[in-house]
Amino acid sequence: MRVNLSVKIGKLNLKNPVILCSGTFSEELKYFLDFKKIGALVTKTITLKPNLGNPPPRTCETPSGLLNSIGLENPGLDLFLKRDLVKFLKWGVPIIVSITSIDEPEELFILAKELAKIKELKTIEVNLSCPNLRIKKLISQDKDATYNVVKKLRKISSQTLIVKLSPNVTDISEIALAAEKAGADSVSLINTVSAMAVDIQTRKPMLSTVTGGLSGPAIKPIALRAVWQVYQRVKIPIIGMGGIMDAKDAIEFILCGATAVGIGTANFVNPKASLEIIEGIKGYLEANRFKDIKELIGTLKV
Amino acid sequence: MSEINSKFQIPNSRVVENKKIKNKYFKMVIFCPPIAKYALPGQFVSIKIVDNYQPLLRRPFSIHRVQGKNIEILYEVIGKGTEILSRRKTDESIDVIGPLGNGFFYQEIISKFQIPILVSGGIGVAPFVFLAEELFQNSKFKIQNKPLVLLGAKTKNELLCEKDFKRLGCKVEVSTDDGSYGFKGKVTDLLKYLLSTINSQISTIYACGPGPMLKEVIDISKSYSIPTEVSLEGHMACGIGVCLGCVVNTKTGYKRVCKDGPVFKAEELVW
Ligand SMILES: Cc1cc2nc3c(=O)[nH]c(=O)nc-3n(C[C@H](O)[C@H](O)[C@H](O)COP(=O)(O)OP(=O)(O)OC[C@H]3O[C@@H](n4cnc5c(N)ncnc54)[C@H](O)[C@@H]3O)c2cc1C
Ligand SMILES: Cc1cc2nc3c(=O)[nH]c(=O)nc-3n(C[C@H](O)[C@H](O)[C@H](O)COP(=O)(O)O)c2cc1C
Ligand code: FES
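Protein chains in written order, with our numbering: chain A, 1 to 302; chain B, 1 to 271.
This is chain A alone, in the form it adopts within the complex:
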């Protein structure tokens, strides 16, 4: 039996629902994976100007989790376009460019304008949820701010627009709804969970920035709940992520309403995880006599 794994996110057609998340994918994974087999790749979030990122230590392991405060180290738009994007676009796999602004939201609009000029680029993801910047409040922590920013981006770009949301809010579905109303094609969730870890020997925080973002299996239950809540409120497709390590995890997200799933920390633990997840989803659909993955989305029996 041939099962159909393809899904649609806005105007973007994915041959399967498995996406590699921003910040957890880079060219180095090519030594382990054939990118052509993956649904889509999301680039490390870029900013208009080059950004150094935070001082080390930037990562720390916690029980079933990874705490990080990379701080959006990236080469900035110009170098990214010249050095990276031209190369990525030749790989024969949909590329999603992740963007954000650090100081001025205006930078985000300039980025979107520049990227809108690139015909080969079909999709952008706007990261309104990085917890590792020295800003007091994230755009995705306020529904009006989210609405206004997405509305403006929608006017600038006709590319498929994905909005990446933070779990560090009271009600994530409100924010998702604001993004949908403002014209987003899709929401991706969750970004990392604000968290910290302490070393009692040195009596110092484990990260240079004190707090960071938690990812990995530890956050999966939080992410599932977020996807489920958002699925109840919005019609646009959801890209679900947070602690997906294997096909079983991915199917849980799909049952809760995710149209596609993002693989993040799992790439570090097993660089081939995404391929195994694609195969595992296929196997599950076959074993349970589904012809099309779309028959499974949001079918949690509650």
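Hints listed in this document are in silico derivations from the structure and should not be mistaken for laboratory results.
Just the calculated beta-carbon pair ranges, DEER-fashion:
id	chain 1	residue 1	chain 2	residue 2	range
1	A	Glu104	B	Lys69	55 to 65 angstroms
2	A	Lys87	B	Asn52	35 to 45 angstroms
3	B	Asp91	A	Glu174	52 to 62 angstroms
4	B	Asn52	A	Val198	23 to 33 angstroms
5	B	Asn199	A	Pro50	42 to 52 angstroms
6	B	Gly169	A	Lys90	44 to 54 angstroms
7	B	Gln67	A	Lys301	49 to 59 angstroms
8	B	Asp91	A	Lys87	35 to 45 angstroms
Don't be surprised by glycine CBs; every beta carbon is placed ideally from N, CA and C.
The hints should help you fit chain B with the ligands onto chain A, whose structure is shown.
Just chain B with the ligands now, kept in the frame of chain A:
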């Protein structure tokens, strides 16, 4: 994709032997032909200790030796991951990625009549047996420039690999913090002392050990203008250059210890 490089593929590796050397130090022999084939001194492997998520992340270990189709790692039990590793049994399969990172630069020194010095602190000795072996295996290697190896340990009982280096024909000097064997004091003090007495020309100082020790080695070698390479440790999430987690500051900005290192030229680093 043609770029999938067989040397990075996770081979079907297997534990050949895993035994205690002394105290908290263990040696594991792992059957993994692709890594054994391509490994260079100073490179490392990344091991998934368990097949669940406690601990979640892989652990980096220097390649201690290569023996035919096997590689060896020498490790100290310091926490949860290494403790579980020490209980892994012969014939169990083990998930290893490698060889990773850039190793020591040593090809050039071999034709000159100069001595390389290897300085290690504690478990930092791990990559040096492989380096010393490679230095000797090169046919151009002259008897005049046998490496000088400085081994630093807390106490005599924690000294590692002395015999291995002697068997290879290296000149070995030892320091212990408590003076139970060899020079009493830090290995950096021993280095200082030896440099002030030595007549031969020194090609390169290679150092591996705790961060503060490496900083001192760099300060000392700078005052003698001796080229120096250090192997750094950094907290790694991916070990393959993806996450940007393991960075160290250099003259040209942050660099990844796992991909751009772990061996760096001293003059590159901004510590
Ligand atoms: C390039 C490289 C080569 C290494 N080679 C060796 C070797 O040959 N032999 C050996 O015994 N050790 C080596 N280490 C250190 C070794 O990786 C750590 O001792 C080990 O990861 C500790 O794991 P744990 O779970 O027992 O300790 P825990 O303290 O429980 O580990 C918690 C976390 O901290 C990280 N961590 C702890 N100590 C270190 C450290 N010193 N350096 C980097 N990360 C650390 C762990 O990887 C883990 O993510 C090397 C480290 C690096 C970066
Ligand atoms: C080291 C690291 C770096 C990350 N960088 C970014 C980033 O630049 N932009 C972004 O939108 N998300 C970033 N994320 C968040 C992931 O894309 C993902 O949302 C999150 O890690 C949850 O998924 P996971 O548990 O599968 O990792 C990063 C995560 C990690 C672990
Ligand atoms: S550990 Fe991920 S880049 Fe080095």
